[in-house]
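Undergrad: Chains A and B, in that order, are what the protein sequence lines are.
Be aware that the first sequence starts at 82, since it is given in the numbering used here, and climbs by one per residue.
Be aware that the second sequence starts at 82, since it is given in the numbering used here, and climbs by one per residue.
Treat the hints with caution; some may be incorrect.
As the list claims (entries may be wrong) - Chain A is nowhere near these chain B residues, computed Cβ spacing over 12 angstroms in every case: (1) G129; (2) E197; (3) G283; (4) R333; (5) R447; (6) V492.
Claimed, not checked - A short, non-exhaustive set of chain A residues, derived as facing chain B with CB atoms under 10 angstroms: (7) D133; (8) G276; (9) T303; (10) L328; (11) G428; (12) P430; (13) M432.
What the hints assert, rightly or not - Here chain A is said to cover these stretches of chain B; the calculated rule only asks that three of the stretch's residues, wherever they fall, bring their Cβ under 8 angstroms from a Cβ of chain A: (14) 133-146; (15) 167-175; (16) 206-219; (17) 271-282; (18) 299-308; (19) 358-365; (20) 429-442.
It should be emphasised that the hints constitute simulated quantities derived from the structure, not laboratory data.
Values in this document were obtained by computation on a predicted structure and should not be read as measured data.
Ideal Cβ placement from N, Cα and C applies to all residues, glycine included.
There are 2 protein chains.
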Amino acid sequence: MTFSTRVNETRLWQSLMDMGAVGGLPHGGCCRAALSREDKAGRDLFVGWCRDAGCEVTFDQVGNIFARRPGHDTTRPAVATGSHLDTQPHAGKFDGVYGVLAGLEVVRALNDADVETRAPIDVVVWTNEEGVRFGPPLTGSSAFAGATEVAAVHASLTLDGTTVRQDLESTGYLGHERPGDRRFDCFVEAHIEQGPILEAEGRTIGVVTQIQGIRWSRVTVTGMDSHAGTTPMNRRRDALLGAAEMLVALNRLARDQDPWARLTVGRIEVEPNSGATIPGRVVFVCDLRHPDSGILDLLEQRIAGSVNDIARRSGLEVTIERFLDKAPVHFAGSLVDTVREAARLCGYPSMDMLSGAGHDAMNIARVTPTAMIFVPCKDGLSHNEAESATPADLAAGANTLLHTLLARAGVAAP
Amino acid sequence: MTFSTRVNETRLWQSLMDMGAVGGLPHGGCCRAALSREDKAGRDLFVGWCRDAGCEVTFDQVGNIFARRPGHDTTRPAVATGSHLDTQPHAGKFDGVYGVLAGLEVVRALNDADVETRAPIDVVVWTNEEGVRFGPPLTGSSAFAGATEVAAVHASLTLDGTTVRQDLESTGYLGHERPGDRRFDCFVEAHIEQGPILEAEGRTIGVVTQIQGIRWSRVTVTGMDSHAGTTPMNRRRDALLGAAEMLVALNRLARDQDPWARLTVGRIEVEPNSGATIPGRVVFVCDLRHPDSGILDLLEQRIAGSVNDIARRSGLEVTIERFLDKAPVHFAGSLVDTVREAARLCGYPSMDMLSGAGHDAMNIARVTPTAMIFVPCKDGLSHNEAESATPADLAAGANTLLHTLLARAGVAAP
Numbered sequence: 082m083t084f085s086t087r088v089n090e091t092r093l094w095q096s097l098m099d100m101g102a103v104g105g106l107p108h109g110g111c112c113r114a115a116l117s118r119e120d121k122a123g124r125d126l127f128v129g130w131c132r133d134a135g136c137e138v139t140f141d142q143v144g145n146i147f148a149r150r151p152g153h154d155t156t157r158p159a160v161a162t163g164s165h166l167d168t169q170p171h172a173g174k175f176d177g178v179y180g181v182l183a184g185l186e187v188v189r190a191l192n193d194a195d196v197e198t199r200a201p202i203d204v205v206v207w208t209n210e211e212g213v214r215f216g217p218p219l220t221g222s223s224a225f226a227g228a229t230e231v232a233a234v235h236a237s238l239t240l241d242g243t244t245v246r247q248d249l250e251s252t253g254y255l256g257h258e259r260p261g262d263r264r265f266d267c268f269v270e271a272h273i274e275q276g277p278i279l280e281a282e283g284r285t286i287g288v289v290t291q292i293q294g295i296r297w298s299r300v301t302v303t304g305m306d307s308h309a310g311t312t313p314m315n316r317r318r319d320a321l322l323g324a325a326e327m328l329v330a331l332n333r334l335a336r337d338q339d340p341w342a343r344l345t346v347g348r349i350e351v352e353p354n355s356g357a358t359i360p361g362r363v364v365f366v367c368d369l370r371h372p373d374s375g376i377l378d379l380l381e382q383r384i385a386g387s388v389n390d391i392a393r394r395s396g397l398e399v400t401i402e403r404f405l406d407k408a409p410v411h412f413a414g415s416l417v418d419t420v421r422e423a424a425r426l427c428g429y430p431s432m433d434m435l436s437g438a439g440h441d442a443m444n445i446a447r448v449t450p451t452a453m454i455f456v457p458c459k460d461g462l463s464h465n466e467a468e469s470a471t472p473a474d475l476a477a478g479a480n481t482l483l484h485t486l487l488a489r490a491g492v493a494a495p
Numbered sequence: 082m083t084f085s086t087r088v089n090e091t092r093l094w095q096s097l098m099d100m101g102a103v104g105g106l107p108h109g110g111c112c113r114a115a116l117s118r119e120d121k122a123g124r125d126l127f128v129g130w131c132r133d134a135g136c137e138v139t140f141d142q143v144g145n146i147f148a149r150r151p152g153h154d155t156t157r158p159a160v161a162t163g164s165h166l167d168t169q170p171h172a173g174k175f176d177g178v179y180g181v182l183a184g185l186e187v188v189r190a191l192n193d194a195d196v197e198t199r200a201p202i203d204v205v206v207w208t209n210e211e212g213v214r215f216g217p218p219l220t221g222s223s224a225f226a227g228a229t230e231v232a233a234v235h236a237s238l239t240l241d242g243t244t245v246r247q248d249l250e251s252t253g254y255l256g257h258e259r260p261g262d263r264r265f266d267c268f269v270e271a272h273i274e275q276g277p278i279l280e281a282e283g284r285t286i287g288v289v290t291q292i293q294g295i296r297w298s299r300v301t302v303t304g305m306d307s308h309a310g311t312t313p314m315n316r317r318r319d320a321l322l323g324a325a326e327m328l329v330a331l332n333r334l335a336r337d338q339d340p341w342a343r344l345t346v347g348r349i350e351v352e353p354n355s356g357a358t359i360p361g362r363v364v365f366v367c368d369l370r371h372p373d374s375g376i377l378d379l380l381e382q383r384i385a386g387s388v389n390d391i392a393r394r395s396g397l398e399v400t401i402e403r404f405l406d407k408a409p410v411h412f413a414g415s416l417v418d419t420v421r422e423a424a425r426l427c428g429y430p431s432m433d434m435l436s437g438a439g440h441d442a443m444n445i446a447r448v449t450p451t452a453m454i455f456v457p458c459k460d461g462l463s464h465n466e467a468e469s470a471t472p473a474d475l476a477a478g479a480n481t482l483l484h485t486l487l488a489r490a491g492v493a494a495p
């Protein structure tokens, strides 16, 4: 009875702990920047596990990994799942990794139950979701969706001064397959929520209906370096003070919009960044998110108005360049229904929700029916070594994934 | 006639240009962080010039350089002048360097005029006035004044991971003399004003009567790293946003005080400083200056109240540690009178003023009668590559220095 098939909670947890030890950090988290030595070690570990589980493993030209559990019907496109193994600098053990290892656990559970599916199942590792070591983020899924050229990915420079192509070759993950040549029946990505809502609402499964749009802009504020002791307060052109006023004003703009608007300045560079010099130049990155493109447009206008006002009042110059623009994504209705039904079948309390974070699924949704499954994480905390989730919730998400994939793949007659 | 002795304006200017080429930057400035390779090159150039001018050059245990022009009376303590050769990261050619090379030009002019003084004249280079590559600033003069232990200076770590002692050895500037063992008759430091007042008032010479007190505090703001996309605006503990509010509030506090209060945040470090992560930790340095210690106490109380209020409202923790405290300094009245008289003798319009910047002179004033001579700089600009002064004004300052030193040293009977 495939209805009663369940994943092995202990094995899933153990795999997560084993992967978390690769690039492990002192406070329980890990650091595996894409195509670094640590990321290669994590990939190698995963590939070994997949081969042990009977999967055929291939790579494409940007290092995306496809581990295939064969289906009965060789003509059907694969039902796909997965996420990423690369991490933020101070990451926990679950962001991305969970979606990959939940897919592997589905394969292992189907093996245990001796279930043959009609369609094959592909477990995918997308290259460089986080964009820490080279940019832009979501590289592998973007190439798969045709939004980024392979040549551009290969030419990208990493923080270590290598090109991505060099790293793909040296790590052994440069494949022949063109990204996107492989057709999927659908793609379902499991992930920790990375927010506080499921925990606050007491639900186990988040049925993700859409992903917020994300826009990143670089704001450059130019004043004049001068001496902290001798320059009267009213003769300064202090770029850091101007930037501080902008941060406060931009935060207020987002809060005044609606509960879905999110604005963050996480990165700032100050020149010359010396105690006794009034800073002449500040560059900060403004991360803006909302589920509605129209509201994003409106907020961008208000941001520009606000920073220009502050600059004018303060004798500063300011420029804004948008360098990342991910449109809001609505997932495929019937696939979302299947996820909701799988959670119900397994007896897990669920709720529809949207994703505040960007995910590889937002790229794959351009070319394949796509959905996501969220599970709770402690205090909504992510991009932090203290990121945490329970073995039971992680297994619930994997069971929901299992029955979603089974519903799409179909079971071959025994 | 020593009254008619004058410095060589062209030679002084040329020496300033030659020194400015050491560690030269693209926009006409230079960068010679203390005891760096560039600073060593600058020191070596200066020492060579001094030896060519007949001086005996020695170093003390913290790398302070003393170039002595012998006097007729070997029992008299030296009349001293000088400043520093190390610079800010984006410095001009004049800050500090002018005071050292004006001293050298006095020696050269006395050589040209064949004047023998009674007391010797020492031209001093104080180590690490700026405090860019290691802290605290004003290191060499502080050790000379007995306010900093030699062992503590030697153990300080530089930004390059070396100790100061290692750098003193490798650059060849580790001497045997204990800082402060040498007694001076007086110390007179010439410097560009680094502010706009002389230019605005149309005066050539600033007779400096006092230096503002300076206090540096390290403010550490702790929140929580979390995900920029998924953390609702009202559940964030954003250390950078909190720090931005503090910067705006602190600036207002200083402006509301009086025209002498100066408050600057020039240095800020953000962790993890990644685009998609709400920053969990920010450290900034608050530079506070005022001529009155009582007002400095009051402002520090208000600063603490303000940052604690903001932290409490924002769910952040904050600590303030003061790590530099230079009391306001009043210079020696009779020596200040001598400077004023020297300017009058040379026919330069002068005015009494206070210094907004800290200088080595504020340390030396603890152990020796001390004064300073300011000359105008363009637009009051300093700590900036565009820092500028005219050859005529620089020569006027050096002539005022020459006649101040002559008045103290006395002329040996021909």
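Undergrad: Look at each hint and say if it fits the structure.
TA: Quick rundown of the hints versus the structure:
A cut-off of 12 angstroms between C-beta atoms confirms that G129/B is not in contact with chain A; the least separation is 29 angstroms. The Cβ of E197/B lies farther than 12 angstroms from every Cβ of chain A, with a closest approach of about 38 angstroms, so its non-interface assignment holds. Consistency note on G283/B: stated as away from chain A, and its beta-carbon is indeed over 12 angstroms from all of that chain's, at 18 angstroms minimum. Listed as outside the interface, R333/B is inconsistent with that label: its C-beta sits roughly 10 angstroms from the nearest C-beta of chain A, within the 12 angstroms cut-off.
For R447/B, the shortest C-beta to C-beta distance to chain A comes to about 19 angstroms, beyond the 12 angstroms cut-off, and the non-interface label holds. The claim that V492/B is not at the interface with chain A holds, since no C-beta of that chain comes within 12 angstroms of its own (minimum 36 angstroms). For the restraint placing D133/A at the interface with chain B, the shortest Cβ-Cβ distance is roughly 33 angstroms, beyond the 10 angstroms limit, so the hint is violated. The interface hint given for G276/A is met, as the beta carbon of that residue sits about 3 angstroms from the closest beta carbon of chain B, less than 10 angstroms.
The interface hint given for T303/A is broken, as the beta carbon of that residue sits about 13 angstroms from the closest beta carbon of chain B, more than 10 angstroms. At its closest, the beta carbon of L328/A sits 4 angstroms from a beta carbon of chain B; the interface hint therefore holds under the 10 angstroms criterion. For G428/A, the shortest C-beta to C-beta distance to chain B is roughly 26 angstroms, which exceeds 10 angstroms, and the interface hint is violated. At a threshold of 10 angstroms, the smallest CB-CB gap from P430/A to chain B is about 20 angstroms, leaving the interface hint violated.
The closest approach between the C-beta of M432/A and any C-beta of chain B is roughly 15 angstroms, which is over the 10 angstroms cut-off, so the hint fails. Judged by the Cβ-Cβ criterion of 8 angstroms, the region 133-146 of chain B is not covered by chain A as claimed, because only 0 of its residues qualify and three are needed. Counting residues of the region 167-175 of chain B whose CB lies closer than 8 angstroms to any CB of chain A gives 3, which reaches the minimum of 3, so the coverage claim holds. Note: the region 206-219 of chain B has 4 residues with beta-carbon separation from chain A under 8 angstroms; the three-residue rule is met and the coverage holds.
Under a criterion of three residues with beta carbons nearer than 8 angstroms to beta carbons of chain A, the stated coverage of the region 271-282 of chain B is upheld, 4 such residues being counted. Using a Cβ-Cβ cut-off of 8 angstroms, 4 residues of the region 299-308 of chain B lie near chain A, which meets the minimum of three, so the contact claim holds. For a cut-off of 8 angstroms, the count of residues in the region 358-365 of chain B with a CB near a CB of chain A stands at 4, and the three-residue condition holds. As drawn, the region 429-442 of chain B meets chain A at 4 residues by the rule of a beta-carbon pair under 8 angstroms; at three or more, the given contact holds.
Comparing the model with each earlier hint shows violations of hints 4, 7, 9, 11, 12, 13, 14; every other hint is respected.
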